[in-house]
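A.B. asks: Here the protein sequences come in this chain order: A and B. Residue numbering for the first sequence follows my numbering, beginning at 33 and increasing consecutively. Residue numbering for the second sequence follows my numbering, beginning at -13 and increasing consecutively.
Hints may be right or wrong, so weigh each one.
To be verified - For the chain B half of the interface with chain A, some residues (derived, Cβ under 7 angstroms), not all of them:
no.: 1; residue: Pro359
no.: 2; residue: Val375
no.: 3; residue: Ala380
no.: 4; residue: Val384
no.: 5; residue: Ala392
no.: 6; residue: Val395
no.: 7; residue: Ser440
no.: 8; residue: Val441
Stated by the list, open to error - Computed spacing ranges between beta-carbons, pair by pair:
no.: 9; chain 1: B; residue 1: Ser11; chain 2: A; residue 2: Ile189; range: 53 to 61 angstroms
no.: 10; chain 1: A; residue 1: Ala210; chain 2: B; residue 2: Thr418; range: 52 to 60 angstroms
no.: 11; chain 1: B; residue 1: Gly378; chain 2: A; residue 2: Leu473; range: 22 to 30 angstroms
no.: 12; chain 1: B; residue 1: Ala377; chain 2: A; residue 2: Ala432; range: 44 to 52 angstroms
no.: 13; chain 1: B; residue 1: Ala377; chain 2: A; residue 2: Asp319; range: 50 to 58 angstroms
no.: 14; chain 1: B; residue 1: Ile22; chain 2: A; residue 2: Ala71; range: 49 to 57 angstroms
Honestly, the hints are just simulated from the structure, not real lab data. Ideal Cβ positions, reconstructed from N, Cα and C, are used throughout, including at glycine.
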Amino acid sequence: MIPLLLISIPLLSGLAVLLLKDSPASKALALVSSIATLALALVAVFSKGALHYDAAWLPALGSRFSLMQDGMAKMLCLLTAISFPVVFAATYNNSYQKSGAFYGLMLLTQAGLMGVFLASDALLFYFFWELALIPVYFLCSIWGGERRIAVTFKFFIYTFIGSLLMLIGILYVYSKTADHSFALESFYHVKLMAKEQAYVFALFFIAFAIKMPIFPLHTWQPDAYEQSPTATTMILSGVMVKMGIYAVIRWLLPMVPDAVSGHAMFVIILSVTGMIYASLIAIRQDDIKRLIAYSSIAHIGLMCAAIFVQNRIGLEGVMIQMFNHGVNVIGLWIVADVIEQQLGTRKMSELGGLAQKAPVLAVLLVLMALANVALPLTNAFVGEFLMFNGLFQYNVWITAIAGISIILAAVYTLNMIQKVFYGQVAEKVTNAVDLSFNTQLALGILVVLVLVMGLYPQPMINLTKDTVDAIFVQR
Amino acid sequence: MNAIIVSALMGVVMMLSGIIFQNKSLMKHLAAAGLIVLLVANLLQSYGKYVIQVDTHNLLHFEQFGIFFNTIAIVATLIYVLLSGKDIENTGVHPAEYFALVFFVLCGVTILTSFNGLLMLFLGVEIMSIPLYILTGADKKNLKSNEASLKYLLMGSFSTGIMLMGIALIYGGSGSFGINPGTPEMTVGGIPKVSFLTVSGLILLFVSMCFKVSAAPFHFWTPDVYDGAPSVFTSFMATVVKAAGFFAFMRLFESQSELMGATWKILLSFVIIATLLIGNITAVFQQSVKRMLAYSSIAQAGFMLFALYAGNDLAKEGILLYAAAYSLATIGVFAVLIKMKDYTLDGFNGLAKTQPVLALATTICLLSLSGIPLTAGFFAKYYMLAAVVKAGGALWIVIVAVLYAAVSVYYYFRVIQAMYFKEGTAETSEITGGFKVGLLLVAGLIVLIGLLPSVLLNYFYF
């Protein structure tokens, strides 16, 4: 029942908020609903064993409305459930035109995201994969920046092409299942020849590679992150990219293991190239949003590489890092949002000396930034350590090259902190005030998570243990 | 049988009521009532109750599949009349005759769903097409309408001539007009031992059917005719008539295709790729939404051709679902288009502010045409793709189709963008509350079928 509620609550409250139009009640209802979803997600996390929900849907097609919540899904639902109240709290004082529509669409996105993480039926998975995209399309196109229409259109069509190719892959595997069903288990038991596996791998992986994104299919991302309203960017990079990584672990690895082994080196090389490439570009960025966007590509590249090394420790690292990266990147976006709302600019060249005006913001930002660099004691360190460990076991040289990206991350992150917060107080900064309470609360929660997960990550490892076990038992 | 007779009778009734009743606005209500009577008569046939028993000497064969398609066509026409009835009245001087012609087209459609011989195919195609020539030219004062009508008449007659030649050749080669020739003997190399006359006849027949459903490279009449005809009738032509054409196409080549052997699939792939290419790429460049919809209907025809390519059970269910989904969505979009004063993309700017209900309904219809999940169009496309994958054969054609579907998203979404994201004052002619309710029902039906396609398909299997 819980998985169904995790989807229904955001869905129904989203529709309700859409009907509430612009009243202040819409914001409050959105916040309350997201907190309710968070409570449910916590209940799910602390329940033992995997949670299921199953109902008939399209018997003629062999598709059921079946949801499954194992360790990885619990962790990702928790991430989604934490992100939304934090995002709403942090942006509570922002005023959006047609706020009813804005919050309604955000909640509908949450419903779609939950559905992707919970679906254990391929057709249902495809449904939610597409449905998560539609509200985001409207969100970015109505409330975004100047070039929003063209950029969001490109984002939508790019992702849609990937999804359609995935649909062909799903149809192909479905036609080979023994019992003509779309169920996850049936897909796992399909025996494909090596050549078929290669095709299916290509079709699915293109879709996931566009979503994550992996170099060279990443060109939609910096523009889309820059032009979308920052609340949506938080969700896009905090949760939506995890859809791609989750899908690789859930749908790709167990289904076409031979193709994964065969293509692993190619994918790892692409990921590592993306890491270095994106980090180098991030160093040259002036716009804070673009910098964080490129930094995100680098982090995701590492996660993708760590999956394809196909060893246990790498995968455990990815599990933790999915959660941690979500937390960290949302924290960075909150800072970017605060700067943009207060000072009206995102350009680092126009900023400086913000620490003198907003000390609390500076402290919280520095902590989030150090988490981005993966300093020990922060959550990202644990994840990156495990992932690099996994990478090392696969190939030393690749690990060395990937390690350069840590140094580059330090370069651009510390550069950003220095330019924005320290040095002389710039013109635009003179009127800055410190954080309002709601933003402090939101950032505070994230910083606490950063430190707690950095010091005591074991519970999270235990939570996702069953998924990792399942994958490695199969192999 | 019921449907054929009742639709012809209804046509005559409409013609006579045009003379008897002076009140022009009564006509659309009469037509709607007539369609309901037709629907009931058609449903009665599926229970075996005939209005008049006629011995067709095996020239017509009625089966569940065909009767269900009749139902879809009649319901689509009913929705069309309810939504656009007023606009049909405003098109020309004699609304009763337009409705009469619509009924005669339906008569042709019902023959096409039940033909069992090539001569009946010819009759059905002609009965369906000739009223359309007249309807295309209904707006007599408009030069474009006259031009479109003449073009349609000339090219349609030409293609009918080709069809007749094909039928004659098939008769010469195989000695009968039947459409169930049975599996031919194969030579050692796998080539069917069939007279070359039969095969040439089949190819000519294929060409003329491709013309009727506007598959490339025989689609050249479509944009001009759809654009020139009054939009109300374009709506009818692009949906019910095209779907009926496909049904006849499938029915005809279900068993005939074996006679052509391996060349059938090659021929068909060429036509499908050409259709998708021309339909989608040209639609991208259109500035007029009406012309864009005309080209997009060519692209949708390309997708429907997959049902012919696959030729299995899934394909048959798929063509029904595709016909229903495509007709509903296109009728919806055209119903709104007819009300717009400016047919270009810029004319739609800001429609979401001035007419939110219309914008929402149009968006759902466009999402269905693009194949986004939660709408009927998604399952329609899904069935087509699944049918081809199940039939085996190369995946490459599916991948190409899917890439073109992504292209189609571009031009459909441009309309959504104009409505929601661009500033402007979209002007429409008068919108009644009943129209909005009707549109919302159509949109709701699309979403319902998109969630539970079994609602439609279980009915087929009863």
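A.B. asks: Indicate, hint by hint, whether the structure satisfies it.
C.D. replies: Status of each hint after checking the structure:
no., hint, verdict
1, Pro359, "holds (4 angstroms)"
2, Val375, "holds (5 angstroms)"
3, Ala380, "violated (11 angstroms)"
4, Val384, "holds (5 angstroms)"
5, Ala392, "holds (4 angstroms)"
6, Val395, "holds (6 angstroms)"
7, Ser440, "holds (6 angstroms)"
8, Val441, "violated (11 angstroms)"
9, B:Ser11 <-> A:Ile189: 53 to 61 angstroms, "violated (45 angstroms)"
10, A:Ala210 <-> B:Thr418: 52 to 60 angstroms, "holds (55 angstroms)"
11, B:Gly378 <-> A:Leu473: 22 to 30 angstroms, "violated (59 angstroms)"
12, B:Ala377 <-> A:Ala432: 44 to 52 angstroms, "holds (50 angstroms)"
13, B:Ala377 <-> A:Asp319: 50 to 58 angstroms, "holds (51 angstroms)"
14, B:Ile22 <-> A:Ala71: 49 to 57 angstroms, "holds (53 angstroms)"
Checked against the numbered hints given earlier, this structure breaks hints 3, 8, 9, 11; the rest are met.
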